[in-house]
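A.B. asks: The chain contents come next:
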Amino acid sequence: MASDEFRDAARAQGDALGFHARAIYVPHPIQDRTDEEMKALARDALPGILDMLRRNPTRDNE
Amino acid sequence: MSETVLLDPGSERDPVQREPRGLPADLAGRTVGLLDISKPRGDVFLDEIARLLEAQGAAIARFKKPTFTRPAPTGLRQEIAEQCDVVLEGLAD
Amino acid sequence: MGAGNHYVVVTKRDCPTCQLIEPALAELADQGRLKVLNQDGAGFPALASAEVVDDHELDGSWALDVEIVPTLVCYQGEKEVGRTEGWERAAWRQLTGLDSLGDALPEFRPGCGSLTRDPAIAPRLQARHGGGGLTARRLTLAALEDAIETCYERGWSDGLPVVPPTPERVITMLSGTERDPGEILGDVPPDLVPVSIEKIAINAVMAGCRPEYLPVVIAAVEAALEEPFCMHGLLATTYFSGPMVVVSGPLARRIGMNAKGNALGQGNRANATIGRALQLVIRNVGGGRPGEVDRATLGNPGKYTFCFAEDEDPAWTSLSEDKGFSREQTTVTLFAADGVQGIVDQKAREPEPLCRSFAAGLRVVSHPKMVQAPDAFLVVSPEHARVFHEAGWSKQQVTERLHELLLIDGSELVQGAGGMAEGLPAKLGDRAFRKFRKGGLTLVRAGGGAGMFSAIIGGWGASGTIGSSPVTKEVRS
Chain A
1 MASDEFRDAA RAQGDALGFH ARAIYVPHPI QDRTDEEMKA LARDALPGIL
51 DMLRRNPTRD NE
Chain B
1001 MSETVLLDPG SERDPVQREP RGLPADLAGR TVGLLDISKP RGDVFLDEIA
1051 RLLEAQGAAI ARFKKPTFTR PAPTGLRQEI AEQCDVVLEG LAD
Chain C
2001 MGAGNHYVVV TKRDCPTCQL IEPALAELAD QGRLKVLNQD GAGFPALASA
2051 EVVDDHELDG SWALDVEIVP TLVCYQGEKE VGRTEGWERA AWRQLTGLDS
2101 LGDALPEFRP GCGSLTRDPA IAPRLQARHG GGGLTARRLT LAALEDAIET
2151 CYERGWSDGL PVVPPTPERV ITMLSGTERD PGEILGDVPP DLVPVSIEKI
2201 AINAVMAGCR PEYLPVVIAA VEAALEEPFC MHGLLATTYF SGPMVVVSGP
2251 LARRIGMNAK GNALGQGNRA NATIGRALQL VIRNVGGGRP GEVDRATLGN
2301 PGKYTFCFAE DEDPAWTSLS EDKGFSREQT TVTLFAADGV QGIVDQKARE
2351 PEPLCRSFAA GLRVVSHPKM VQAPDAFLVV SPEHARVFHE AGWSKQQVTE
2401 RLHELLLIDG SELVQGAGGM AEGLPAKLGD RAFRKFRKGG LTLVRAGGGA
2451 GMFSAIIGGW GASGTIGSSP VTKEVRS
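Protein chains in written order, with this note's numbering: chain A, 1 to 62; chain B, 1001 to 1093; chain C, 2001 to 2477.
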């Protein structure tokens, strides 16, 4: 799980290591958020997280 | 001009692509590991994710990297592999 | 010896001894069993009855592994059974079996160096004949391809042109170290790729290094791969920092590094290329490229290269000594550095007011309210150092005084203080904090003789066990 500014980094590292972990991205920024904003990000991310944890391969992992 | 030969300064690596392992069809009764990478604010996000996943019937096991600047220590990775069916790592920013 | 044998002599016209022995060569040629390889063009020696080969490409001489001209090699069939170098009449007579060979010549004349040993030529021959122990993948360019443009296209450049890493140049570079090209130093992040001395040499060529810089580059790579330096995190961070290289000790002077005027600036080949070579190793071997795993928000110009030498002064311990080595040892110290922040003080003639100026400048590294997060280097210029030297203050005394002056009341550091949202949690307001962790402030002397300016070089916000600590390695030949 990462903020969406880190898609490129994840792709580059995945290419180099030969392993693309499933990933989900939440909207950037993170560090100046309030607790309530962080919890809202988590709730919004939940469907994607469940999908990521349960689905089988052939998914575009980005 | 004669031909020029250059030596490769790089890794010369062409990694074999590995696929993630198969995942469970349902999280009920499964253990989901939550690995906190120790970036500020990540704990608040993960606390909420833990609460939401427990509501789906998953057992949650929490882990934390000593610092976000280094890869997780081998011992920690082994512990996660032993205890969990799947692991979520975050929150990178 | 003599009967049934045949002979090869290697000569060059440019060698007085080779010219001197022409009559002896003619005598030997008359036996009908002589071949001559001449290294500097056709027409020498003038022999009617011998095969004279123009070996200006030096492949024949290389195959014979000749060190001196003339060299006489004696064969029985295909097998070499003896050789002699230079002109030593007794040895030539013994090998050829001709008892009166060179009667009119002196008994002894030394030869000259074979062109195959010329430092400008040897690497080319070694490369052409597959020598040098090089194992890196080879890329052959078409005749009209521009090698520098190819390096750009392949993504091997930091944005500036690189020197194309031909086998000849890499072999020449490797002559700068006694270490085996195949020796592996460790895994380079972020891709964790094992790096050999050969790969470092290739990148050093591209950076523009001379062979005598290579041991310093190797030590810098070794330091970068030490766990406490945390190169992986440093490469990946959004923060400004990159590795800064400080060289301390006699080798820095011997290879012509700049510790004096403009030490942190441009214009010195060793300073410029050693720092660049380290960055190219991270980029090319480790795969650490901006826009990929390198997530720097802004970066800093030192990420092209940031390397200088210490201007040692007997009044202060050297950086090598501060790090547990002797003054006679050459070391490299790596620091996860941002850019340079100047600090001016043209009035202080005593240590205390100068320390207060330094402390005020150091206070703002990263943020005036950020404590125990970044480390810092203070590069003290000679004119500022003089104030301490004249008062008899050691480097350690200055460092200690700076730490004292940088003990900050928590009430100034909490969130909201000074109208700034950034800061420590309010509950820490009744404590005092050192700006820098213990060992987090390093002093080093460098710079030109005029100018009451010193340089503060702030570090990565993640220091010590959380992130990076400065790492020092000895330079080995």
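These aren't lab readings, by the way, just hints derived from the structure by calculation.
Honestly, I wouldn't trust all of these hints.
To be verified - Restricting the straight-line Cα-Cα distance to at most 30 Å, the calculated cross-link-like pairs of lysine-lysine (DSS-like) are:
1. LYS1064(B) / LYS2079(C)
2. LYS2427(C) / LYS2438(C)
3. LYS1064(B) / LYS39(A)
4. LYS2369(C) / LYS2427(C)
5. LYS2427(C) / LYS1039(B)
6. LYS39(A) / LYS1065(B)
7. LYS1064(B) / LYS2438(C)
8. LYS2427(C) / LYS39(A)
9. LYS2347(C) / LYS2369(C)
10. LYS2260(C) / LYS2323(C)
11. LYS2369(C) / LYS1065(B)
12. LYS1039(B) / LYS39(A)
13. LYS2260(C) / LYS2438(C)
14. LYS1064(B) / LYS2427(C)
15. LYS2035(C) / LYS2079(C)
16. LYS2438(C) / LYS1065(B)
17. LYS1065(B) / LYS2427(C)
18. LYS2035(C) / LYS1039(B)
19. LYS2438(C) / LYS2369(C)
20. LYS2438(C) / LYS2323(C)
21. LYS1065(B) / LYS1039(B)
22. LYS2323(C) / LYS39(A)
23. LYS2260(C) / LYS1039(B)
What the hints assert, rightly or not - With the C-beta cut set under 7 Å, the calculated list includes, among others, these residues of chain B facing chain C:
24. GLU1003
25. PRO1009
26. SER1011
Owing to the predicted nature of the structure, the values given are computational and were not obtained by experimental measurement.
Glycine included, every Cβ here is placed at the ideal spot set by N, Cα and C.
A.B. asks: Need the list of violated hint numbers for this structure, in ascending order.
C.D. replies: The structure breaks hints 1, 18, 22 and 23; every other hint is satisfied.
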